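K.L.:
Sequence:
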Amino acid sequence: MLDFFTILFFSKTTLLTPEYVDVGISPDRYELTLNKPISAITRGAGIEIDVSKTILADGASSILQIREEVAASFPKGSITATLIGKGGEIQLTYQGNSMIGANSVRLDLSNVGIPTNQKFERLVLVTEVELASVKIYWRNYKL
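The sequence shown begins at 287 in my numbering and counts up one residue at a time.
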């Protein structure tokens, strides 16, 4: 019950990259020093990568076409984000989960449990696929 009220009153999704960014294929990596440290209010927090410009530009219109395009373009395990703080680091991996809205497609990078007592100051993104014109979000909730 406490988790429910915590999520209800404190959950939010924060845009980490106000401008679109391009992330090259490994060994290149995208490093972002956060303006303000982030921390998880529940263990289900995670990173979302908005790939709408890539997927929706390909002309996919139905949700099934979009899901097929996401699966073909972004294989499971192809993207890893590392959150780094003074207390250590944690990796989040793309496992094939995505969120599809009317005008958006986001990839979900998650871990089985992000510590709720740690602040993260940096994000490092490593990918095996080209990420062109993406925005990166911090999702701070999950039921």
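By construction, these hints were calculated from the structure, which means they are not laboratory data.
Because the structure is a prediction, the values reported are computed rather than measured.
One or more hints might be untrue.
As the list claims (entries may be wrong) - Okay, the calculated beta carbon distance ranges per label pair:
id	residue 1	residue 2	range
1	ILE349	LYS372	39 to 49 Å
2	ASN321	GLY345	34 to 44 Å
3	LEU342	LYS372	31 to 41 Å
4	ASN321	GLY374	30 to 40 Å
5	LYS322	SER347	34 to 44 Å
6	GLU375	LEU350	16 to 26 Å
7	GLU407	LEU350	18 to 28 Å
8	SER347	LYS372	42 to 52 Å
9	THR300	GLU375	34 to 44 Å
10	ASN321	LEU350	30 to 40 Å
11	LYS339	ASP314	29 to 39 Å
12	GLY374	ARG353	31 to 41 Å
13	VAL415	ASN321	22 to 32 Å
14	GLY374	LEU302	30 to 40 Å
A virtual CB, placed ideally from N, CA and C, is assigned to each residue, including glycine.
K.L.:
Let me make sure I understand: some of the numbered hints might not hold for this structure. Which ones are they, in numerical order?
P.N.:
4, 6, 7, 9, 11 and 14
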